[in-house]
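Put together the whole structure using the sequences plus the hints.
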Amino acid sequence: MTANFDALHFNGVRFLIVEVSVMISIKRDCLVGVLVSLLSLSLIFYFIPQYIDTPRSVRSVVLSPVFWPTVIAWMMLLIGLGILIAQYWERRPDVLETDYDEPKESYGRVFMFSAFLAGYYLLLPVLGMVWSSSLAFIVFSIFISGTEYRKTAVIVGILLPLALYVFFYHVAGVNIPQNDFMRLP
Amino acid sequence: MIDTLGDAFLLVATWQTVLALGLGVLIGVICGAIPGMSVTMAVALTLPFTFALEPIVGILLLLGVYKGGIFGGCIPAILIKTPGTPASSATILDGYPMVKNGHAGKALGMALYASCTADIISNLALIMFAGWLASFALEFGPPEFFTLIVFSLTIIAGIAGEKLLHGLFSAALGLLLATIGLDLVYGTDRFIMGNTDLMGGLNFIVVLIGLFAIPEIIAYARRPSDEHLKVHSLGNDSVTFSEYKRCFKTIFRGGVIGAVLGSVPGIGAAPAAFLSYSEARRTSKNKANFGKGEIEGVAASESGNSGVCGATLIPLLALGIPGDVITAIIIGAFMIHGIQPGPLLFENHSDLIYALFMGLILSSFYLLFIGKFAIKIFKHVVDIPKSILLPSIMVLCVFGGFAVNNSLFDVMVMFILGGLGYAMLRSDLPAAPFLIAFVLGPLLEDNFRQSMLMSGGSLEILFRSTITWVFWALTIGTTFFLIKSSVRDRRIKRDAAINALDIDPVKLM
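Chains as they are written, first to last, in numbering that gives the first Met the number 0: chain U, 0 to 184; chain H, 0 to 508.
Source of the hints: derived by calculation from the structure; they are not laboratory data.
A virtual CB, placed ideally from N, CA and C, is assigned to each residue, including glycine.
Worth double-checking, as some hints may not be accurate.
Which residues of chain U face chain H? A few of them, derived with a C-beta cut under 7 Å, are [claimed, not checked]: (1) 44; (2) 48; (3) 51; (4) 59; (5) 75; (6) 123; (7) 160.
Below, the structure written as structure tokens:
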């Protein structure tokens with residue numbers, strides 16, 4: 000009796016795991032389906048009419064500048080609905096490998112890293128590409144990655160942007176942005 | 000003909016070309032050998048360095064990276080059971096057991112010889128068939144090209160991932176972003192939103208780096224680590240000539256399988272390696288030894304994946320259609336230098352074509368020598384800490400993204416597309432169909448609108464010839480096959496998961 004109860008309990012727990020993971024996958028794919036559908040609807044009803052100029056002299060609708068983006072948008076709508084229908088229809092339990100147990104800090108790290116990239120971009124015209132890249136390299140390697148090779152990080156962080164500057168500026172003729180107070184030859 | 004060959008030889012026989020090709024193979028082998036650094040990323044990051052080079056030098060540099068990368072992927076697959084590229088997955092099956100049996104040097108040696116032999120076979124296939132296909136394609140008009148591109152998109156979007164609809168959405172997104180800029184016929188604004196930087200559309204290289212390199216950096220920043228992988232020692236044993244001779248039939252077959260599958264857009268190197276491996280196991284005398292450290296298994300998988308490299312250039316050079324995501328990048332390199340791949344390339348730039356063929360043959364020999372060297376230095380390559388490698392890639396991305404148009408706006412676009420690429424990665428949306436659709440999008444629309452201009456807006460022109468009918472039939476057949484196999488795969492996975500958990504399927508209904 001106890002053994003039977005344990006087996007039932009064990010299967011019940013497993014069943015629960017599958018149900019939870021299925022729910023998470025459905026949730027994620029449903030979200031993708033909803034977002035795709037919303038994107039396509041916003042394209043059809045807002046972005047295409049608003050941001051594509053159509054000349055009045057268009058001879059045929061298939062030659063119009065809006066025709067091709069409209070076809071793509073409708074295609075997206077069908078795909079989005081297809082994803083939603085597929086999720087409703089199938090309920091796949093093949094998603095135990097999904098990272099539903101992922102710590103929330105990792106999302107915070109992604110957000111912080113996005114802010115870091117934005118800061119890097121904003122520094123490019125201020126410090127110039129070489130020095131802002133050196134700084135970004137060192138910050139990424141030492142503070143974001145927490146490397147144990149700090150000396151290597153500093154050396155590579157300075158030498159790599161300099162080497163790239165030499166190639167792109169002196170060999171390829173690309174006008175690499177520089178600042179006014181530490182100009183490179 | 001002799002004059003053309005002479006001109007081609009003069010193009011190849013320069014120190015810049017010879018050096019670029021060797022450097023490309025070396026970069027490719029090193030990048031392929033670093034787990035987590037894909038060949039696609041390596042080719043994408045090398046692309047900005049080709050701007051200042053002559054077309055033939057730049058293109059051969061990229062082809063060197065491609066070929067070296069495919070081989071390089073086998074080194075970690077064999078030594079640390081971690082394939083450097085998906086194409087090397089099959090090599091683990093026998094390569095790693097060989098290492099455990101103390102035959103690391105033999106496994107790597109056979110992988111190298113099989114790769115070089117199959118590479119030569121693939122190059123010969125390219126030389127023999129690309130010209131023939133191009134002369135056939137000269138009869139194509141805009142409607143034929145339109146149907147061909149539709150077919151290519153179907154097959155590429157479908158094969159790119161486990162989820163067919165996700166792959167198709169990714170391709171549709173690529174097509175949509177390709178419409179940004181001025182309209183091809185009327186020159187009016189499309190999605191520019193008042194920004195003059197967008198008038199020329201999104202730059203291909205910026206999109207490429209954004210989609211393939213930045214997401215990897217973000218993914219690393221999410222979970223940074225400096226873990227070191229355990230590398231087995233090589234030992235002193237190497238492949239004997241009799242072993243190579245014994246495996247030659249398998250290598251030749253693998254090379255042919257790779258060349259055939261490589262010439263079909265969208266299949267890629269990994270399926271070729273697995274097919275070659277399964278054929279070798281099916282026909283081998285040592286069938287029972289496969290999976291336990293059979294040298295023939297390593298030869299089969301490596302010849303299969305390397306056989307793809309040259310052949311993927313057949314649709315690229317002859318039709319202007321990329322066979323996979325790497326050849327899509329190489330199309331970008333052609334375009335940067337003002338060269339449009341396709342049948343007319345054989346008419347207008349035949350010297351370039353022959354120079355490419357010569358360079359490719361040379362690259363096989365480079366691979367042999369550089370591969371031998373790379374095997375020995377692998378331990379140091381794999382020791383590069385990720386906390387140094389990933390910031391280096393980030394800086395390379397910024398310099399490369401800027402160098403395309405000398406524009407900081409492009410760097411911003413690259414970061415934004417990197418965010419999009421990361422979101423796609425997290426949502427199981429494959430990036431490869433996006434990129435290929437982005438490359439093919441303008442061609443697709445251009446040929447469609449040219450067809451419509453020819454017919455005065457009648458869609459009947461898209462069914463005007465046998466060729467268009469053949470491509471429509473192939474598109475419908477492929478779509479049907481993809482849907483069927485996608486539904487079947489989902490069902491198999493679902494049943495497997497249920498069986499693994501001992502759960503009554505009825506309960507899940």
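(Q) To test your reading of the hints: which numbers does this structure violate? (A) Numbers 1, 2, in rising order.
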